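J.: Letter by letter, the chains look like this.
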Amino acid sequence: MNGSDIIFYLLAAMTLVCGLLSVTTRQIFRAAIYLLFALIGVAGIYFWMEYEFIAAVQIVVYVGGIVVLIIFSIFLTQQAGEKMPRQRLDRKIFAALAVFCGFALTMVQVYKQVYYTSDAPAQTATVANIGKKMLNVNEEGYALPFEVISMLLLAAMVGCIVIAMRQKPDEQTAQPTEKTN
Amino acid sequence: MFVIKYIKEVWTAVRSLLKGMKRTLYYFTHHKEIITQQYPDNRDTLVLPERFKGEVVMPHDENNEHRCTGCQACELACPNGTIKVIFKNDLTPEGKKKKAIDKLVYHLELCTMCNLCIEACPSDAIKMAQTFEHSVFDRNQLTKILNKPGSKIMEGVE
Amino acid sequence: MWSFSGIANNIHTWLGEHFNATWTMIIEMVIAGVAVIGLFALLGLVLVIMERKVSAWMQIRLGPNRVGPKGIFQSLADTLKLLVKEGMTPDGADKLLFNVAPFIAMIVAMLLLAPIAFASNFQLWDLNIGVLYVSAVSSIMVISILMAGWASNNKYSLMGAMRSGAQIVSYELSAGLSVLAVVVMCGSLQMSEIIESQRNGWWIFKGHIPMLIAFITFIIAVTAETNRAPFDLAEAESELTAGFHTEYSGMKFALFFLAEYVNVFIVCAIGATLFLGGWMPLHIGNWEGFNHAMDYIPSSLWFFGKTFFLIFVIMWFRWTFPRLRIDQLLNLEWKYLLPISMINLLVVTAMAILGWHF
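Residue numbers (the working numbering), protein chains in the order written: chain A, 1 to 181; chain B, 1001 to 1158; chain C, 2001 to 2358.
This is chain A alone, in the form it adopts within the complex:
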């Protein structure tokens, strides 16, 4: 076992332990923080694999975006520091069962998958290469999925604006000039 392995096992242990804690803790804010550390652990594994771009995107999107969003919604809705009620036993059992089934399914798929070794030269994951792949319209490019995903984001954005702009019926007549300034 060399240094690289040790780092991998440390990161994996951090991810797993934090993931487990985030579902078992009874304080919702702590759950969010444990989730954050689990996601950072995943980003660390990406760094360990030298996929820096994906690691950075993982941090930007999940840590800087989603976890902050979760924390904000906790701040705005929950009572400070109160413990959540203990879950019923049957719920716990079914949740554990569901998790186990999902895990088993994934592992079965992983073990059934036959991995081929390729003779093609390895491509380095530099930003330039990723960008070229992402916007390439040829057979090897990912322009179409990229655009489809951006359509999804656009739809989400339009939805946000619609929700934010929805006014009560009586307000519409009261403040018609609001949009112009």
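The set of hints was computed from the structure by calculation and includes no laboratory data. Just so you know, nobody snuck in bad clues.
Below, in silico cross-link-like pairs of lysine-lysine (BS3-like), each with a Cα-Cα straight-line distance of 30 angstroms or less: (1) B:1144 <-> B:1103; (2) B:1098 <-> B:1148; (3) B:1008 <-> C:2335; (4) B:1099 <-> B:1088; (5) C:2095 <-> A:92; (6) C:2206 <-> B:1008; (7) C:2206 <-> A:132; (8) C:2095 <-> A:83; (9) C:2335 <-> B:1022; (10) C:2335 <-> B:1019.
Listed next, with one range per pair, are the computed distances between beta-carbon atoms: (11) C:2031 <-> B:1034: 40 to 46 angstroms; (12) C:2073 <-> B:1030: 25 to 31 angstroms; (13) B:1034 <-> C:2321: 17 to 23 angstroms; (14) C:2016 <-> A:124: 23 to 29 angstroms; (15) C:2321 <-> B:1001: 28 to 34 angstroms; (16) C:2313 <-> B:1034: 19 to 25 angstroms; (17) A:141 <-> C:2088: 54 to 60 angstroms; (18) B:1076 <-> C:2092: 56 to 62 angstroms; (19) C:2349 <-> A:108: 45 to 51 angstroms; (20) B:1130 <-> C:2155: 45 to 51 angstroms; (21) C:2297 <-> A:138: 47 to 53 angstroms; (22) A:108 <-> C:2155: 47 to 53 angstroms.
Just so it is clear, the structure is predicted and the values come from calculations on it, not from any experiment. The beta-carbon is built from N, C-alpha and C at its ideal position, and this holds for glycine as well.
Since the structure of chain A is provided, determine the placement of chains B and C on it from the hints.
T.: For chains B and C alone, coordinates are given in the frame of chain A:
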């Protein structure tokens, strides 16, 4: 229209911010503008502003004479009872009785340096001094008698 | 002539002669860690005294002048005071998160130092996503503030944390867009390549007006991101006591304080690297003689000079402008900075394609 108004807004904002920054940069580079007084160090050369008011005093001339007639205008003018005038009867050279001040008691601990007594005084008997190191260990020392012992009123002040 | 890269190379060769590869790496890591911590301590001391002196002079005051000659040891005395003070944890606080939060602030600041080039060939980690790494890792910063605000179990802390969260998340956009302007121009995210692309002139000169706009939006956005006045709503003394660090005392408070100053240093270093050429001396096009003369000034001096100039500018903002209200703050970002930097990015892209830069 909208775009022109927008650009104009940004431009005026940037200009006014730069104006403020120019001022602070001027102060940053011109250290002789510094107004801090390093008080205990510069005690000997300290120059107080002309209108600084420290405490009420009663000036006496070389014959130990003051200008206070005991009219009580200051006592009435004082908003918080800082000044008390205590009288005695003096004999004039002709043998007549004359009212004069025995003590003009001044409570520095009550005084707010509002200057109303000085403005009320018809004969300019009291004025504001520029002393300010008033701290003492016993507050009785803050009750002062403004006229010196044995002083009397100046000739010709009615 | 000595240089940082020379020292680093000497250490590396000396270690290589005496130890095997693994031990060399471990020892080098330890040296780098100690150097980073030393830099942190030094930066904390220097920046605090600098801030106090700059603020004093801008407000026509004298500033600290008792401890040491001209008061230069004032921050040392302050640090000593903070070290010996008791670090208290409030009774109602979430003790774990309360105690972890300042360390996260510190760790994030340390991680951010990795891709910064302090001198030519002197960089901890020249990874190929340098700029993206910085903006990614700096977004963890907000978590430590939110943690501190929540765990303190204090309404002022919570308010401060929420304000600061909203502020950091929204100003990250325009900071990112103005960083992208430089990335578009030189076509790389790697710090060393960005610096190398400025060999014939810094981007702020080569990219003229659009780059200047990008630079200004960058400076404004990073001032907001580091929670400094006029954007210090997170700790607005007059409204929120001290914001998210109201309940902190002693060394835990000092860590937040230090992290704030180190973050200022880091964003200024990034700004200097992107717009002012990092350690690259002032070069003008093909004036060989002039460029050669400039090369005699050591590269580390150029880097620290530019960085401290930007730090001075940010301090200058702080001691000139009054604090914004929360609605003004969000207006500034969403109605002015973001549209301006988006249009600016389009202009920069057109410039890069058409070659309208020097």
